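Place chain D on chain Y using the hints.
Residue numbers (the numbering used here), protein chains in the order written: chain Y, 1 to 511; chain D, 1 to 371.
Please keep in mind that the hints were generated in silico from the structure rather than gathered at the bench. Fair warning: this is a prediction, and the values are worked out from it, not measured in the lab. One thing to keep in mind: the hints can contain errors.
Unchecked claim - Calculated cross-link-like contacts (lysine-lysine; reagent style DSS-like; alpha-carbon spacing at most 30 Å):
#: 1; chain 1: D; residue 1: K153; chain 2: Y; residue 2: K361
#: 2; chain 1: D; residue 1: K328; chain 2: Y; residue 2: K231
#: 3; chain 1: Y; residue 1: K375; chain 2: D; residue 2: K358
#: 4; chain 1: D; residue 1: K343; chain 2: Y; residue 2: K231
To be verified - A short, non-exhaustive set of chain Y residues, derived as facing chain D with CB atoms under 10 Å:
#: 5; residue: P117
#: 6; residue: G223
#: 7; residue: C362
Where a beta carbon is used, it is the ideal one built from N, C-alpha and C, also for glycine.
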Amino acid sequence: MYSVINTATIYGIDSSLVSVEADISEGMPCFELVGNLSSEVKEASHRVRSALRNAGYALPIKRITVNMSPINIKKTGSGFDLPIALAILCAIGIIENEKLDSIVVIGELSLDGKIQPVNGILPMALETKRQGKNTIIVPVNNVSEASLVPKLKVIGAEKLSDVISYLTSGHIPDIYETASDGLNSPSEVVFDFSMINGQPLMRRACEIAVSGMHNLLMVGPPGAGKTMIAKCIPSILPPMTLDEQIELSKIYSVCGKFDERKGLLKNRPFRSPHHTISEQGLAGGGQNPKPGEISLAHSGVLFLDELTEFKKPTLEILRQPMEDKKVTISRANGSFNFPANFVLCAAMNPCNCGYYPNLNKCHCSAASIQRYIGKISQPLLDRIDICVEAPQLTYNELMYAQQNEASKTIRERVVKCHKKQKERYEDYGFIHNSQIPSNLIDIFCPLDEAEQSFMHDMYDAYELTARTYHKVLRVARTIADMDDSEDITLTHLQEAIYYKGLDKKYWEMSL
Amino acid sequence: MNEIKKYSYWLMSTPVLTDGQRLKLFEYFGSSQEVFFAREQDLIESNILKKDSIESLVRARDIYNLEESYISFTSSPFDFVTLEDDYYPNSLKYIHNIPYGLFFAGDMKKILGKKCVALVGARSCSAYGKRMAEELANELAKNDIVVISGLAKGIDSYAHTGSLKAGGITAAVLGCGVDIIYPKENAVLYEQIAKTGCVISEYAMGTSPQPRLFPLRNRIISGLCQTTVVVEARLKSGSLITADYALEQGKDIYVIPGRVGDSLSAGCNKLASQGAGIIFSIDQFLSDILELNSENRYSVITDNHAASKIELNSEQLLVYGLFDLYPKSLAQVQADANMDALKLVAITMELCHLGLLKEVFKNNYIINGVC
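Isolated chain Y, as found in the complex (with noise of 0.2 Å):
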């Protein structure tokens, strides 16, 4: 007797459709999976045998086959224990497979018959929407996330014997079958640019590099309010779309970072790993590639706090995903793409004690400071467009609260500035200021006479390369076009001369 159930697993951060067979045959007695499986999944086995027999099934005393098909897709998750179960209840006749074709069934089984939730339902979810079935069977914990789905029908059980009895007389565990837009909560801000004091140029130097999507590295003594500043970045990001909004949320339930209660994630991500990180956590990574943090922080921040501290190795890897704004991953079973559309913001210590070059405080020797900034890669260094001092605050501007423009102000302008670089450069295939390619500088950056002597000046006087050069034409763009200005004029260049990225051999020179 022979049965099929369909169920999903993921892949990347993508799901797609499995088909789970059973056929039951004379024979020595024994229970086979097979099919492409890792290890979680061919110990299901043990647990729906015992599943099935405190539900009140034995198993029959016969040759059982389960083959999940297409075998070229590696098969992980906890989530085959309840579609294995189901196609054997189907193969020895309980349930009618005929119901069982619109259907996609997920969950885990625990031995009394218990369905557990698992990782990654919005995903297979949406495959299920996509590919043309009409109803999911989920953990009932998992309920509100596969809700997300518009026009989907979600059947969320608790029990083996939930389902068991939808199956076979369509009782609907009622309780549990919610509407699809239940859950959502309002976006919620926490950090808030009217939270910081005083700091205008830090300010300023956030709005400039998320109008223009530059990365911004911040250089200041401890204490100065980097972290602060940095975690308010998100809150002036331009709200996000719904396709944004479901991409990031597909990542999060991957990892199983996905909370049920908030719905789809509305606010970008503001993700600050700690220095100690490795290259997979950053990048993502495991036999069964998972997103790693550059993916978690998509259409949000990257924080690098304390960017010094940071391995060598694990930097270089993030210098792929910036120029590509995604993270592509190959194992035997496969190559996996995470996007990684991030912008990243970076903070790190002058020296080793954090005070240079204020002398009184810092004791710091010349070689030890040069060996503190040689810890970045200047590659990495190449790809971070603006850089500002993080100054310490005063006491006054510490303590009295002073009428701070809001991030929802910023963020006004922010979008404003972002649809005109959309508008700018439609036909170019890029969207923002930072990705102008070389080769399109002139054409979008042009300078007047005044504007290209002063350049010549600076070009020599701070020993810009092309790229660096190329890298102040860029944010001056930016300013330029915050300021409503077609032209970048002086002050556009001198405000973006201000902000030239990190030069470590300047810096090594002038102790």
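Relative to chain Y, chain D alone:
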């Protein structure tokens, strides 16, 4: 001549003896040749060396190949001078613990008979110290005064470069063998000094830099000069050792004063309080050491900056006035500027463009010229 040099070279480079013993043996026996041929009995009688050092000296002397060692040395670009030579620097002869001989690269004779000024200071110095050292060395060089320092990082290097920039003669006294460049970063500087002036060391060729050697060489720095200037020094700085030697040797000490509470200038200010000369302007200092009277005082600063006179508008003047010789960030000056942050950025960058301000560290500026 060659004959004597052979023995001098042996006495200078034999590792068995300490610097003090070298000098004492030389003084007792009268010449290096006498020391070389001194009988064991005479050495014992001299009562300079202990018994076992005499044995090791004799043993080392017996296997020493006079000719070969000296010839291999003469083929190197280095030279040496000892108390037996007539061009041993006079100023050194009257200090305590005279070095018996000095190895050098370049030309030692260039600094003889010239006015020498020692410029010493902290290795990790401020932008202020850097500027002062460079300017002072520059002006000294213009007046044909030799600048002597220690080739260390920081003030020492800037003193040398300042002098070289003005085409002056400068000398470096090392705390290691004269054939060892320490710190390595100063390799280019070493070459330049050796080309125009000289690099000096009392230690045998190949001596590696050791912490105990550096304070000792300071006595040579101060000894070679009539005047020692401490540019920047913390309270526990090696530069103060040089100042101590200078005092002991009866030389003049000047300091570049700093702000009270500035730890990098604390050493200088303390010396000033103890009676060291204070350099409040470079021309005053020059006229002091050149013993000029007030009428024909060398006027440096006014000369230097007359050419770079730049007309500033009132806002630029205001911003320029907020900076000084110590690095300041815009956040620090903003409260006094009382203007919009972006305007402050623009004006600061204008002043940088005009060369009046200089960025010495990310978003930290000092004044770079006088307007």
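Evaluation of the provided hints:
1. D:K153 x Y:K361: holds, 20 Å
2. D:K328 x Y:K231: holds, 27 Å
3. Y:K375 x D:K358: holds, 26 Å
4. D:K343 x Y:K231: The given pair, whose Cα atoms are some 27 Å apart, holds under the 30 Å limit.
5. P117: Hint violated; P117 (chain Y) Cβ to chain D Cβ min 49 Å, cut 10 Å.
6. G223: violated, 14 Å
7. C362: Result: holds, 8 Å to nearest chain D Cβ.
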